[in-house]
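Undergrad: Line by line, the protein sequences give chains A and B. The numbering of the first sequence is this note's numbering, which starts it at 1 and goes up by one. The numbering of the second sequence is this note's numbering, which starts it at 1 and goes up by one.
If you are wondering where the hints come from, they were derived from the structure by calculation, not from laboratory data. Even for Gly, the Cβ is constructed at its ideal location relative to N, Cα and C. Any given hint might turn out to be false.
[What the hints assert, rightly or not] Just a few of them, taken from the derived set where beta-carbon distance is under 8 Å, the chain A residues facing chain B:
| # | residue |
| --- | --- |
| 1 | Thr24 |
| 2 | Thr28 |
| 3 | Met48 |
| 4 | Val52 |
| 5 | Pro56 |
| 6 | Pro116 |
| 7 | Phe320 |
| 8 | Ala324 |
| 9 | Phe346 |
| 10 | Ser350 |
| 11 | Phe365 |
| 12 | Pro379 |
| 13 | Val407 |
| 14 | Leu408 |
| 15 | Leu427 |
Number of protein chains: 2
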Amino acid sequence: MSGVSASRAPVRAGILVTGTEVLTGIITDRNGPWLSERLLELGVDTAMIQIVGDRPEDLMGALRFMADAGMAVIVTSGGLGPTADDLTAEIVGEFAGRELVLDAALEEQIAEIIRPMMSRWPGLDPDAIRASNRKQAVVPVGATVLDPVGTAPGLVVPPASGSGPTVVVLPGPPRELHEMWEKAISTEAFRAAIAGAVDYRRGIMRLYGIPESEIANTLRAASEAGVPLDGLEITTCLRRGEIEVATRYEAPAESDYASFVEFLSERHREQLFSPDGATVDEQIASLLVRSGRTVAVAESCTGGLMSARLTERGGSSEFFLGGAVVYSNEAKVSLAGVDAGLIDRFGAVSEEVAEALASGAAERFGTDFGIGITGIAGPDGGSDEKPVGTVCFSVSSRDGARLTRRVLLPGSRSDIRDRSTTVAMHLLRRVLLADGVAAVSSEAGTGERG
Amino acid sequence: MSGVSASRAPVRAGILVTGTEVLTGIITDRNGPWLSERLLELGVDTAMIQIVGDRPEDLMGALRFMADAGMAVIVTSGGLGPTADDLTAEIVGEFAGRELVLDAALEEQIAEIIRPMMSRWPGLDPDAIRASNRKQAVVPVGATVLDPVGTAPGLVVPPASGSGPTVVVLPGPPRELHEMWEKAISTEAFRAAIAGAVDYRRGIMRLYGIPESEIANTLRAASEAGVPLDGLEITTCLRRGEIEVATRYEAPAESDYASFVEFLSERHREQLFSPDGATVDEQIASLLVRSGRTVAVAESCTGGLMSARLTERGGSSEFFLGGAVVYSNEAKVSLAGVDAGLIDRFGAVSEEVAEALASGAAERFGTDFGIGITGIAGPDGGSDEKPVGTVCFSVSSRDGARLTRRVLLPGSRSDIRDRSTTVAMHLLRRVLLADGVAAVSSEAGTGERG
């Protein structure tokens with residue numbers, strides 16, 4: 001990573017995720033990374049994410065540790081439920097030096113929310129419900145209460161003493177947390193806590209088809225060529241077979257970043273497929289939608305993941321007509337129209353069969369483009385000639401253009417299946433761009449390059 | 001969660017994940033949860049997981065915080081690479097009060113590993129490589145060195161003073177970390193650090209088709225019925241539309257756990273599909289493989305995810321022959337043999353079309369069972385009569401058995417697509433069990449119930 005040169009001390013935040021299920025690995029925390037990205041957008045550096053269980057000592061210990069480490073803001077997720085082990089509001093109150101009191105209006109508001117649920121589950125005990133509501137309505141004096149999205153209210157709690165971090169208390173379920181975050185950041189208490197945050201900009205570039213280590217060389221070359229990198233904080237990361245170059249900078253370094261983008265575009269003309277951060281999925285959807293073209297898939301080792309990836313975003317029915325998951329050889333023949341003789345001659349995993357699958361898919365579904373994938377995802381089924389990880393791809397277009405590749409992918413079965421969809425996406429992108437769809441795209445200024 | 005009653009103080013561990021990419025949300029940490037589960041298997045409680053960037057103060061601060069909180073073991077992941085911001089070994093050495101020295105044998109070992117890579121990328125600078133190797137070979141005196149899996153060695157570092165946590169230093173890439181973990185836990189230094197860990201057992205049960213809140217009632221009822229729960233630490237969690245009940249207990253509570261399992265089996269006969277923790281995916285694979293039966297899919301709104309889920313595990317080609325992703329109505333007719341009149345009369349999202357898809361899939365691929373899925377995953381395309389989240393399912397068997405359902409699923413497009421595959425898996429499971437495949441299964445003692 002290149003050097004950071006912030007002009008003043010950054011505003012730092014800590015994220016505290018609570019919950020035994022998260023700690024024991026039963027569920028994977030998604031709130032920490034999500035909050036970290038949101039904070040970054042506000043110019044706040046996340047310095048640490050901590051996950052603790054439901055033990056009050058651990059919760060309090062983590063809050064104090066973050067305060068000692070100089071965090072201006074602490075964001076907590078979870079522990080706001082109605083049961084006895086949901087302790088966050090209480091502990092945060094104590095941490096901030098604020099007494100807890102029952103907020104009667106809030107209690108009534110929670111009761112309102114609960115009422116329809118009670119009629120759906122008539123067996124529930126009304127007294128127990130009342131106690132739960134009341135527990136959730138007990139809040140630190142002087143805290144800003146955030147209206148519940150589910151049943152639990154959130155809190156913004158400044159330190160009673162005036163010095164120390166402001167704590168934003170959010171619920172654990174990601175959907176509730178996301179919605180409440182918007183309310184939290186618009187409160188006066190939160191704004192005051194992050195006053196002085198640097199207004200960072202962020203740029204992302206994506207490359208495909210070079211080793212990650214090559215980026216280090218590129219940075220060195222850029223520096224030698226006089227591209228000013230000092231004001232840019234650059235992080236590179238390998239993600240699903242692509243390289244993501246994320247850069248953060250302050251407003252005055254805007255033109256330095258532009259020079260850096262230009263340098264990368266020159267040096268990696270073929271590999272830099274996204275100078276503006278758009279994903280290959282977004283690019284393909286936009287190329288297809290704008291040109292009114294359609295695509296279909298016939299896939300074997302990816303087992304449906306290629307179709308699933310193309311239909312991940314809403315509106316995909318505009319360009320995706322269908323797919324065939326042709327696991328057995330019979331299915332390759334009957335569903336995708338592969339000549340059985342090809343399979344006998346070259347084997348099911350071969351460039352020839354991948355091409356037949358691509359053409360078969362386009363023909364079968366009546367689309368402009370067809371994608372064929374056949375390979376060995378493992379763990380068994382490999383041979384000396386075709387080891388596990390061998391995957392053949394082909395993308396064909398109605399007017400006869402075609403790209404076919406045989407690659408050897410590393411990793412586990414699931415890595416190979418996932419990575420295969422990335423390879424196919426990039427082949428499709430190249431065929432689309434070569435096929436005149438390019439003109440539409442560059443007109444529209446998505447920054448595509450052929 | 002019910003009360004814990006460990007007979008002695010548990011051995012507690014902290015996990016320290018380093019890396020700016022993880023902290024900024026660019027990549028999601030999987031090492032923390034994975035290590036937490038492994039530690040639990042060894043009877044060690046993970047009390048906290050902390051994620052920090054590459055700042056040396058934050059790293060050292062986190063280590064000291066964990067030591068103060070009484071951790072017996074700290075496991076770190078990441079920061080072992082050859083570049084200047086990879087600081088873990090150095091900081092851990094300082095933390096443990098141990099001087100750093102160059103291990104010449106280790107340096108030679110790393111050079112050996114690097115040699116083949118150097119020939120592949122001939123442009124690399126030999127001096128820079130030598131400096132990198134040397135950096136990675138500098139280790140704290142008295143630490144146990146764990147042989148590199150990638151290029152970086154791991155470490156087990158006991159405190160020089162004899163008091164304080166032992167630190168296990170592991171590389172960040174999950175594959176390297178997993179392999180090195182096995183080496184780490186067999187070292188004498190690690191064994192000594194976790195001496196006294198309680199030998200916990202762990203049981204998992206899975207339920208489908210009841211709200212999570214119902215489990216709280218069940219626990220209360222169990223307690224009232226005299227089932228001894230005090231020695232059981234029970235965590236419940238909603239996961240992909242199922243409820244997972246995870247219980248940890250010490251050996252003497254074995255029979256208490258058996259009573260708890262029995263109570264749940266009685267009370268939730270229909271819903272408890274897995275008393276032994278097997279997933280519905282494992283059950284289906286095993287039912288199909290053992291009975292020699294086969295399945296095929298015709299899916300619309302899930303866009304390939306159903307086929308992908310059935311082929312996730314190796315060996316699935318034994319029972320999965322293929323799938324059709326029939327996104328357009330034309331594809332439903334031409335690929336899955338749906339009568340176009342049905343679509344006109346009932347709409348593409350209807351029980352009738354789901355049934356036709358199931359039968360069509362089985363016929364087309366020549367399988368014993370067929371699965372049909374059609375629905376509205378959103379965000380657009382809903383109506384008053386069929387809002388977003390409406391999904392129709394059907395599973396049919398060759399001899400005429402059939403289960404069909406229409407459900408309304410909550411959440412985002414991706415939630416609806418994922419949850420749909422769970423609904424379909426459970427329908428398939430019920431059809432398999434009703435279809436005489438049951439006999440094979442219960443003979444083999446997988447604990448299935450019809």
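Undergrad: State for each hint whether it applies.
TA: Results for each hint:
Satisfaction of the interface hint for Thr24(A) is found here, the shortest Cβ-Cβ separation to chain B being roughly 6 Å, below the 8 Å cut-off. Interface hint at Thr28(A): satisfied, since its Cβ lies 6 Å from the closest Cβ of chain B, which is below the 8 Å cut-off. Nearest Cβ of chain B to the Cβ of Met48(A): about 5 Å, under the 8 Å cut. The hint holds. The beta carbon of Val52(A) comes within 5 Å of a beta carbon in chain B, closer than 8 Å, and the hint placing it at the interface holds.
Hint status for Pro56(A): violated, given a least beta-carbon distance of 13 Å to chain B, over 8 Å. Of the supplied interface hints, the one on Pro116(A) is violated, with its beta-carbon coming no nearer than about 14 Å to a beta-carbon of chain B, more than 8 Å. Restraint check, Phe320(A) versus chain B: the minimum CB separation of about 6 Å is within 8 Å; hint holds. Taking 8 Å as the C-beta contact cut-off toward chain B, the hint placing Ala324(A) at the interface holds, the least distance being around 6 Å.
A distance limit of 8 Å between C-beta atoms decides the matter here; for Phe346(A) the minimum to chain B is near 19 Å, and the interface restraint is violated. For Ser350(A), the shortest C-beta to C-beta distance to chain B is roughly 17 Å, which exceeds 8 Å, and the interface hint is violated. At its closest, the beta carbon of Phe365(A) sits 6 Å from a beta carbon of chain B; the interface hint therefore holds under the 8 Å criterion. Taking 8 Å as the C-beta cut-off, the interface hint given for Pro379(A) holds, the closest approach to chain B being about 5 Å.
At about 16 Å, the closest approach between the beta carbon of Val407(A) and any beta carbon in chain B exceeds 8 Å, and the interface hint on this residue is violated. Because the smallest distance between the Cβ of Leu408(A) and any Cβ of chain B comes to about 14 Å, over 8 Å, the interface hint for this residue is violated. Given hint, Leu427(A) at the interface with chain B, is violated; its Cβ is 18 Å from that chain's nearest Cβ, farther than 8 Å.
When each numbered hint is compared with the structure, violations occur for hints 5, 6, 9, 10, 13, 14, 15.
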